[in-house]
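Asks: Model the full assembly from the supplied sequences, consistent with the hints where possible.
Residue numbers (this note's numbering), protein chains in the order written: chain A, 1 to 234; chain B, 1 to 234.
Watch out, some of these pointers could steer you wrong.
What the hints assert, rightly or not - In silico SDA-like cross-links for lysine to any residue, where the CA-CA straight-line distance does not exceed 25 Å: (1) A:K109 with A:Y25; (2) A:K51 with A:Q27; (3) B:K110 with A:Y117; (4) B:K110 with A:A128; (5) B:K109 with A:L114; (6) A:K109 with A:R163; (7) A:K109 with B:Y117; (8) B:K110 with A:S50; (9) A:K51 with A:T99; (10) B:K110 with A:E60; (11) B:K109 with A:T116; (12) B:K109 with B:D58; (13) A:K51 with B:K51; (14) B:K110 with A:D53; (15) B:K109 with A:R163; (16) A:K51 with B:E26; (17) B:K51 with B:R106; (18) B:K51 with B:M93; (19) A:K109 with A:T29; (20) A:K109 with B:V121.
Claimed, not checked - Restraint ranges, calculated between C-beta atoms of paired labels, are given here: (21) A:P7 with B:R42: 43 to 53 Å; (22) A:D58 with B:R42: 36 to 46 Å; (23) A:A35 with B:G38: 35 to 45 Å.
Bear in mind the hints are in silico, worked out from the structure with no lab data behind them.
Beta carbons: idealized from backbone N, C-alpha and C, even for Gly.
There are 2 protein chains.
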Amino acid sequence: MTVPKPPMRDALVAAAFRLFLERGYEQTTVDDIVALAGVGRRSFFRYFPSKEDVVFPDHERCLADMTEFLGRGGDEHDPVARVCDAARLVLRMYAENPTFSVQRYRLTKKVPGLRTYELSVVWRYERALAEYLRRRFAGQPDGTLRADVIAAAVVAAHNNGLRSWLRSDGESDASAEVDHALALVQRTFTPSAGPDPAEDVEDVVVLVSRRGAPMWRVVQEIEATLGHPPDRQN
Amino acid sequence: MTVPKPPMRDALVAAAFRLFLERGYEQTTVDDIVALAGVGRRSFFRYFPSKEDVVFPDHERCLADMTEFLGRGGDEHDPVARVCDAARLVLRMYAENPTFSVQRYRLTKKVPGLRTYELSVVWRYERALAEYLRRRFAGQPDGTLRADVIAAAVVAAHNNGLRSWLRSDGESDASAEVDHALALVQRTFTPSAGPDPAEDVEDVVVLVSRRGAPMWRVVQEIEATLGHPPDRQN
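Replies: Right, dumping it as structure tokens:
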């Protein structure tokens, strides 16, 4: 019985990480990696444009998946819920391989160049979410502004949850961490949880009241807000 | 009468930008810059660690100003308003020199390395805002999560307004653009504009109603939401 060899791309990633952990990232060359993986330099550069890219081998695929997922989303999807689900695709990529993700997290914290590389990847995810939201909010007041703000909030929430999981060495529940964080963003930005800034706010009254408040006080507050009793107006 | 020479640091920035615009960023070396400015290489590196740093000569000072400004903020300041004001320090830096800011914006769009550099600067501003908010929200439920999300939202709103101004070639009103964008974030995250996620939401009823709705319908909706009429409960 023969054990199948891992695909060359996986072998290169495995060799690279073994060396990064043993010698450090800066001290490892592409020549070292290809020697350990038993392939030529040209094979390395067929899969990875640079040494940095081998640290993040799955982001291009994940970005493509995210763009495709958002492209499939029609008007039947709530736009904020849709971008939250798109962010969950990134989490899934990390959670599929906890050991690798935790090792990379430690490596990225130590190497400023990798941190910068990661920021540019995060920025591309954020742009993908923002562009989807800009399409969904097209023609609405402050459409691009709201798109940019919500995309940034979703990315920040996702990364907060993801980092909690990575700091737990992959021991905590990744999905629960990220779901909790994204739920806060959805509560904040979904119209049913408050007034939609895209609607004419002049037409809407928002009243926040303690659950135990007596009804007469609630009515009084509404009347005070409106400036006149609406049942006499109609 | 003698015209005073500009300080050496300003002369280096001016020489660098003249060459970047004439020849392109990649085609300009540090040697070209120091030759035009009439100083030695060591003078350049005394002010700027690398060629990239001369493109963004004021961010370090601005980051220090922001950190100092946030450090001075006590409990008397609304935390969200304070980070919005901190973001306005960045805008002021750009608006102080519109021609330079617009030139740099065009340059940064063309050179991927500068774009990456800028992302790491933006990330440092965002961390400064988030760290301030984490201190303010310390001990509150989801304090760090809310801090990260609000910091990201403030940066995204600021950058949306800033980019609008830069795309107008500095012709529009920079402060008005950014104030408008930050106002949306303040409305979204300031407790008086809606329920505070840090409070026990179980205790609060939010009702959104059309201004023209008759009072009996408003009361009916509140009762339906509560599951029982609150005036009989108390």
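Asks: Identify every previously stated hint that the structure contradicts and give their numbers, smallest first.
Replies: Structure breaks hints 15, 23.
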